[in-house]
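Chains as they are written, first to last, in the numbering used here: chain E, 1 to 412; chain Z, 1 to 310.
Be aware that a few hints might be false.
Said to hold, decoys possible - Here are the simulated lysine-lysine pairs, DSS-like style, with alpha carbons at most 30 angstroms apart:
| hint | chain 1 | residue 1 | chain 2 | residue 2 |
| --- | --- | --- | --- | --- |
| 1 | E | Lys127 | E | Lys352 |
| 2 | E | Lys196 | Z | Lys275 |
| 3 | Z | Lys125 | E | Lys321 |
| 4 | Z | Lys275 | E | Lys212 |
| 5 | Z | Lys125 | E | Lys197 |
| 6 | E | Lys217 | Z | Lys275 |
| 7 | E | Lys394 | Z | Lys187 |
| 8 | E | Lys316 | E | Lys76 |
| 9 | E | Lys321 | E | Lys213 |
| 10 | E | Lys74 | E | Lys394 |
| 11 | E | Lys344 | E | Lys161 |
| 12 | E | Lys352 | E | Lys75 |
| 13 | Z | Lys225 | E | Lys197 |
| 14 | E | Lys88 | E | Lys352 |
| 15 | E | Lys321 | E | Lys76 |
| 16 | Z | Lys275 | E | Lys401 |
| 17 | E | Lys156 | Z | Lys275 |
| 18 | Z | Lys275 | E | Lys189 |
| 19 | E | Lys161 | E | Lys401 |
| 20 | E | Lys213 | Z | Lys275 |
| 21 | Z | Lys225 | E | Lys196 |
| 22 | Z | Lys125 | E | Lys316 |
| 23 | E | Lys197 | Z | Lys275 |
| 24 | Z | Lys125 | E | Lys196 |
| 25 | Z | Lys275 | E | Lys84 |
| 26 | Z | Lys225 | E | Lys321 |
| 27 | E | Lys343 | E | Lys75 |
| 28 | Z | Lys275 | E | Lys88 |
| 29 | E | Lys189 | E | Lys161 |
| 30 | E | Lys212 | E | Lys401 |
Said to hold, decoys possible - Derived, one-sided and incomplete: chain E residues facing chain Z with beta-carbon distance under 10 angstroms:
| hint | residue |
| --- | --- |
| 31 | Ile224 |
| 32 | Ala233 |
| 33 | Gly256 |
| 34 | Pro257 |
Since the hints were made in silico from the structure, they are not lab data. Just so we're clear, the structure is a prediction, and the values are computed from it rather than from any experiment. Ideal Cβ placement from N, Cα and C applies to all residues, glycine included.
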Amino acid sequence: MRQRSLIAITAALAAGALTLTACGSRDKGGNGSDSGSGGTTVTIGVDAPLTGDLSELGLGIKNSVDLAVNQANKKKYVDGVTFKIEAKDDQAQPSSGQANATAFVGDSNVYGVVGPLNSSVAQSMQKVFDDAKLVEVSPANTSPDLTQGPNWQTSKSRQYKSYFRTATTDAIQGPYAAQYVYNTAKLNKAFIIDDKKTYGAGLAATFTDEFKKLGGKVVGTEHINPDSKDYSAVATKVKNSGATVVYYGGEYPQAGPLSKQIKAAGANIPLVGGDGIYADDFLTLAGSAANGDLATSVGAPVETLASAKEFVANYKAAGYKEAYGAYGGYSYDSAWSIIEAVKKVVDDNNGKLPSDARAKITAAVQNVSFDGVTGKVSFDEYGDATNKQLTVYKVTSGAWKAATSGTYTPSS
Amino acid sequence: MNELPQQLVNGLLLGSMYGLVAIGYTMVYGIVQLINFAHGEIFMTGAFGALTVYAYVLPGGTSMWIALPLMLVGAIIVAVLVAVGAERFAYRPLRTAPRLAPLITAIGLSLALQQAVWAWYPEAKSARTFPTIPGGPFNIGNVTIQTGDIFLVVVAPLSMAFLAYFVMRTRTGRGMQATAQDPDTAKLMGVNTDRIIVIAFALGAAFAAIGGVAYGLKYGQIDFKMGFLLGLKAFTAAVLGGIGNIYGAALGGLVLGVAEALSTAYISDIPGMDKFGSQSWADVWAFVLLILVLLFRPQGLLGERVADRA
Chain E
1 MRQRSLIAIT
11 AALAAGALTL
21 TACGSRDKGG
31 NGSDSGSGGT
41 TVTIGVDAPL
51 TGDLSELGLG
61 IKNSVDLAVN
71 QANKKKYVDG
81 VTFKIEAKDD
91 QAQPSSGQAN
101 ATAFVGDSNV
111 YGVVGPLNSS
121 VAQSMQKVFD
131 DAKLVEVSPA
141 NTSPDLTQGP
151 NWQTSKSRQY
161 KSYFRTATTD
171 AIQGPYAAQY
181 VYNTAKLNKA
191 FIIDDKKTYG
201 AGLAATFTDE
211 FKKLGGKVVG
221 TEHINPDSKD
231 YSAVATKVKN
241 SGATVVYYGG
251 EYPQAGPLSK
261 QIKAAGANIP
271 LVGGDGIYAD
281 DFLTLAGSAA
291 NGDLATSVGA
301 PVETLASAKE
311 FVANYKAAGY
321 KEAYGAYGGY
331 SYDSAWSIIE
341 AVKKVVDDNN
351 GKLPSDARAK
361 ITAAVQNVSF
371 DGVTGKVSFD
381 EYGDATNKQL
391 TVYKVTSGAW
401 KAATSGTYTP
411 SS
Chain Z
1 MNELPQQLVN
11 GLLLGSMYGL
21 VAIGYTMVYG
31 IVQLINFAHG
41 EIFMTGAFGA
51 LTVYAYVLPG
61 GTSMWIALPL
71 MLVGAIIVAV
81 LVAVGAERFA
91 YRPLRTAPRL
101 APLITAIGLS
111 LALQQAVWAW
121 YPEAKSARTF
131 PTIPGGPFNI
141 GNVTIQTGDI
151 FLVVVAPLSM
161 AFLAYFVMRT
171 RTGRGMQATA
181 QDPDTAKLMG
191 VNTDRIIVIA
201 FALGAAFAAI
211 GGVAYGLKYG
221 QIDFKMGFLL
231 GLKAFTAAVL
241 GGIGNIYGAA
251 LGGLVLGVAE
261 ALSTAYISDI
271 PGMDKFGSQS
281 WADVWAFVLL
291 ILVLLFRPQG
301 LLGERVADRA
């Protein structure tokens, strides 16, 4: 009996302590507007997977937004406004993403959010942000549904007025990969694998359509369970199908082991994927099996664009522990589109944030146009980036090397 | 080309890993009627124990042939310490409590162990690379066995043989059997049941640790979540084979592994079933099999008695 009451007291204390900490951090956020150099503080939220399998990409996003905010503060880009970031971890889970979105909406200092990484997470956040007229700019979501609606192939319709993205969509990325595989790499028998997530399945479907249209043959399809690491049965099927190329719609935590196990099963054929596998961790996970594998990624290679050299140099100088990754440039541009919009709104209102600042900033993001790290940054009527540049990367002696870069033109 | 032999081998290899972990579930259940849901995490800590030995204890570039036995020892030490600690501080105080209390404790412990590794193990927030055995794959006919799997092929049967000997032939093993049958009478006959329970936890943890090393060698990476799904599968294997029976755990693991491999490979070939045959459905078929087996043999494949005290 005594022991039981002891447990109860401990539990009560622990719960109390947790509540207190939670309150503490919220208070700190609330007082944010009074601090700084006498001006207004504008918080830009960041939502990305900061822990777990996809944290390499997520931390790259967070750091890049942090860099954008620091640059804006350093240049005193918007008079009287100090920017800061507030990063939340969504663990790539739609439920966590939605909880984070609600928290951002509740914090009156947040005037824009960069993120998330995953299309499936974005689906759970869009409405929360739209109801609050809080602008959300994703550097990485590629699912066409998010902007153009579930029937985007036949009738496009804008889903949420507060949602924008700097990344290009699967509607372009999948077909672009198919054209490269069929026309340039001359591989015509494909085995299609996806992870059944919004991103992966969408990519696999658009690849398949274009590949068949070009005259390629799909010799098999598979859906893997992303929680499992044993793909030996799938690898054996791939080997026996006689495929000359594997297309994988999904992300690197599964793509790495998958590539490795397919090669180990004796099928020495390249694995092709989207920007979700374009990560250094893919190379680590797949080991030497990665050589020859291909990935498409949105935009031109960040390192080669003149506008991007400054970003890369500043990122290095800032000394972040993690690489900026596949979405660093897009995250930087996403943050800047919010900063530009804040500047516009503040300038139009005699140097002060208006009372309906969130709605005004959302409207202003729609009309931004500036030269960013990834090229010209502006948004079309659906909230998609107008920049449709794509690059194919190939693993050559253990590193990603740009193979070709261009804009997608639909095949007739 | 006929892919059946290769798919059988894939399934058997996966299944022997399930079996190694399932033994821990079945032994602990057999003796204290506790479903130790933290066992998947003990498997995970074992793998991290092995990685610790390789990455932080041994000098860089140590040959795998020297490193592997030491890694195995490290894995077993860590897993056994965690399991014995869990028994002593989490389960023993609740031994006379209602059955649900230790079960919930086990679930809590499982989450706590995951988060502890996530928070404190260096760079464990995403997957960590595990050393692999050098050398190419082996081909027997048109069946390929990966180098990393050789470990499973050798170690899984050996461990099983050792366990059978230990339980059937040694004094402690017979004490375990006695405690499983009737703890009170065993105590009256002079069996130190507390010690037997600790040994059951330790032995189960050691097997899980071997499984953890096998997992690392097979897939080349380990992460803090690896124990969750595998633990669930191993538990399924233990139930399938007949919980409380160590041979059942091994058999259940193998059956489950083969069922998964074959359903991935062949169900999509059945006309009209192409939507239900991919690897993401393999788990569903595995559980369909479990339900079918339990319908006709509620005690599991090799189970002898219905769990009467659960």
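Right, here's what the structure says about each hint:
1. For the given pair, Lys127/E sits about 28 angstroms from Lys352/E by alpha-carbon distance, which is consistent with the 30 angstroms threshold.
2. For the proposed pair Lys196/E and Lys275/Z, the alpha carbon gap of about 12 angstroms is at most 30 angstroms, so the pair holds.
3. Using a Cα cut-off of 30 angstroms, the hinted pair Lys125/Z and Lys321/E holds, with the two alpha carbons roughly 14 angstroms apart.
4. For a cut-off of 30 angstroms, the pair hint linking Lys275/Z to Lys212/E stands: about 20 angstroms separates their Cα positions.
5. Taking the CA atoms of Lys125/Z and Lys197/E, the gap is about 22 angstroms. The hint holds against a cut of 30 angstroms.
6. Pair hint Lys217/E plus Lys275/Z holds up; C-alpha atoms about 19 angstroms apart against a cutoff of 30 angstroms.
7. Using a Cα cut-off of 30 angstroms, the hinted pair Lys394/E and Lys187/Z is violated, with the two alpha carbons roughly 67 angstroms apart.
8. For the hint pairing Lys316/E with Lys76/E, the CA-to-CA distance comes to about 22 angstroms; that is within 30 angstroms, so the pair holds.
9. Distance restraint check for Lys321/E and Lys213/E: the Cα-Cα separation of roughly 44 angstroms exceeds the 30 angstroms cut-off, and the hinted pair is therefore not satisfied.
10. For the given pair, Lys74/E sits about 38 angstroms from Lys394/E by alpha-carbon distance, which is inconsistent with the 30 angstroms threshold.
11. In summary, the hint linking Lys344/E to Lys161/E is supported, as the alpha carbons are separated by about 18 angstroms, within the 30 angstroms threshold.
12. Between Lys352/E and Lys75/E, the direct Cα distance comes to roughly 18 angstroms. Compliance with the 30 angstroms bound is thereby established for this hinted pair.
13. Between the alpha carbons of Lys225/Z and Lys197/E the distance comes to roughly 19 angstroms, so the proposed pair stays at or under 30 angstroms and holds.
14. A threshold of 30 angstroms between alpha carbons decides the hint, and for Lys88/E with Lys352/E the separation of about 27 angstroms falls inside it, so the pair holds.
15. Under the criterion of a C-alpha separation no larger than 30 angstroms, the hint pairing Lys321/E with Lys76/E is consistent with the structure, at around 26 angstroms.
16. For the hint pairing Lys275/Z with Lys401/E, the CA-to-CA distance comes to about 37 angstroms; that exceeds 30 angstroms, so the pair is violated.
17. The hinted pair formed by Lys156/E and Lys275/Z meets the criterion: a straight-line CA distance of about 28 angstroms does not exceed 30 angstroms.
18. A C-alpha spacing of about 21 angstroms is found between Lys275/Z and Lys189/E, which places the hinted pair at or below 30 angstroms, so the restraint holds.
19. Among the hinted pairs, Lys161/E with Lys401/E is inconsistent with the structure: their alpha-carbon atoms are about 37 angstroms apart, more than 30 angstroms.
20. A distance of roughly 23 angstroms separates the Cα atoms of Lys213/E and Lys275/Z; the hinted pair therefore holds under the 30 angstroms criterion.
21. For a cut-off of 30 angstroms, the pair hint linking Lys225/Z to Lys196/E stands: about 20 angstroms separates their Cα positions.
22. Pair hint Lys125/Z plus Lys316/E holds up; C-alpha atoms about 23 angstroms apart against a cutoff of 30 angstroms.
23. Taken as a hint, the Lys197/E and Lys275/Z pair is honoured in the structure, with Cα atoms around 16 angstroms apart against an allowance of 30 angstroms.
24. Using a Cα cut-off of 30 angstroms, the hinted pair Lys125/Z and Lys196/E holds, with the two alpha carbons roughly 24 angstroms apart.
25. This hinted pair does not check out: Lys275/Z and Lys84/E have alpha carbons roughly 48 angstroms apart, beyond 30 angstroms.
26. For the suggested pair Lys225/Z and Lys321/E, the alpha carbons sit about 24 angstroms apart, so the restraint of at most 30 angstroms is met.
27. Restraint check for Lys343/E and Lys75/E: the C-alpha separation of about 13 angstroms stays at or below 30 angstroms, so the hint holds.
28. Between Lys275/Z and Lys88/E the alpha-carbon distance is near 37 angstroms, which puts this suggested pair outside the 30 angstroms criterion.
29. Taking the CA atoms of Lys189/E and Lys161/E, the gap is about 41 angstroms. The hint is violated against a cut of 30 angstroms.
30. Between Lys212/E and Lys401/E the alpha-carbon distance is near 27 angstroms, which keeps this suggested pair within the 30 angstroms criterion.
31. A cut of 10 angstroms between beta carbons decides the hint on Ile224/E: the least distance to chain Z is about 5 angstroms, and the hint holds.
32. Below 10 angstroms, beta-carbon pairs count as interface contacts, and Ala233/E has one with chain Z at about 4 angstroms; its hint therefore holds.
33. Given the 10 angstroms rule on beta carbons, the hint for Gly256/E holds: about 8 angstroms separates it from the nearest Cβ of chain Z.
34. Interface restraint check: Pro257/E against chain Z, minimum CB-CB distance 6 angstroms, threshold 10 angstroms, status holds.
Hints 7, 9, 10, 16, 19, 25, 28 and 29 from the list above are not met by this structure, while the remaining hints are.
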